[in-house]
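If you read the sequences in order, they're chains A and B. If you read the first sequence in this note's numbering, its first letter stands for residue 506, the second for the next number, and so on. If you read the second sequence in this note's numbering, its first letter stands for residue 7, the second for the next number, and so on.
Hint data in this document are derived by calculation from the structure and do not stem from the laboratory. Ideal Cβ placement from N, Cα and C applies to all residues, glycine included. Treat the hints with care, since some could be wrong.
Claimed, not checked - Incomplete in silico selection of chain B near chain A, CB under 8 Å:
hint, residue
1, 48
2, 49
3, 74
4, 109
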Amino acid sequence: TQLLEQSPQFLSIQEGENLTVYCNSSSVFSSLQWYRQEPGEGPVLLVTVVTGGEVKKLKRLTFQFGDARKDSSLHITAAQPGDTGLYLCAGPNTNAGKSTFGDGTTLTVKP
Amino acid sequence: SQTIHQWPATLVQPVGSPLSLECTVEGTSNPNLYWYRQAAGRGLQLLFYSVGIGQISSEVPQNLSASRPQDRQFILSSKKLLLSDSGFYLCAWSGGTSEKLFFGSGTQLSVL
Chain A
506 TQLLEQSPQF LSIQEGENLT VYCNSSSVFS SLQWYRQEPG EGPVLLVTVV
556 TGGEVKKLKR LTFQFGDARK DSSLHITAAQ PGDTGLYLCA GPNTNAGKST
606 FGDGTTLTVK P
Chain B
7 SQTIHQWPAT LVQPVGSPLS LECTVEGTSN PNLYWYRQAA GRGLQLLFYS
57 VGIGQISSEV PQNLSASRPQ DRQFILSSKK LLLSDSGFYL CAWSGGTSEK
107 LFFGSGTQLS VL
């Protein structure tokens, strides 16, 4: 079974601070996805990383895929209250058509 | 563009009552469809997935069942709800072999 571990589980910071959250596995994934979910809503896809060592930027968010494709990180620069939410990483299961999800990092950005 | 609709948004049901949650997708054909359950503030547990009409795979033994009567319709059901069925239920779709999932807005189910 492919498992994804996310850390930290909870993170509370002040507006303007930088932060990094992590998604780690002992298994190799062909790709990893990052989602953000707000309370009472479904997760929304932020990015997919496919190539080992790949870095993708989405405004103030920087996503990196590990060289061995076993881990990924999400770095947020100058966090804003609007960044508050649950950040989930996911990767395709060895069985086609299914994804494994981490338990998420709950981020709170205080104004 | 593709859209996914899930309803109702919230539901309060007594123990032992039946359940029917519906999900429909528009703007795409032959989607893979999924039902997930999420505990508060935690990750997603895959309950069922379907790659075509009438084709349902169950991931975990439980009190729930799923059906896909039409290509873009996915239904989650129970004959008799248990307290442990409470949770946030999410429907999602993906296209072909894509790993990208697109989620509905979820149903918060409370079984009392």
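These are the hints, each one checked on the structure:
| no. | hint | result |
| --- | --- | --- |
| 1 | 48 | holds (5 Å) |
| 2 | 49 | holds (4 Å) |
| 3 | 74 | violated (14 Å) |
| 4 | 109 | holds (3 Å) |
The structure fails hint 3 only (numbered hints given earlier).
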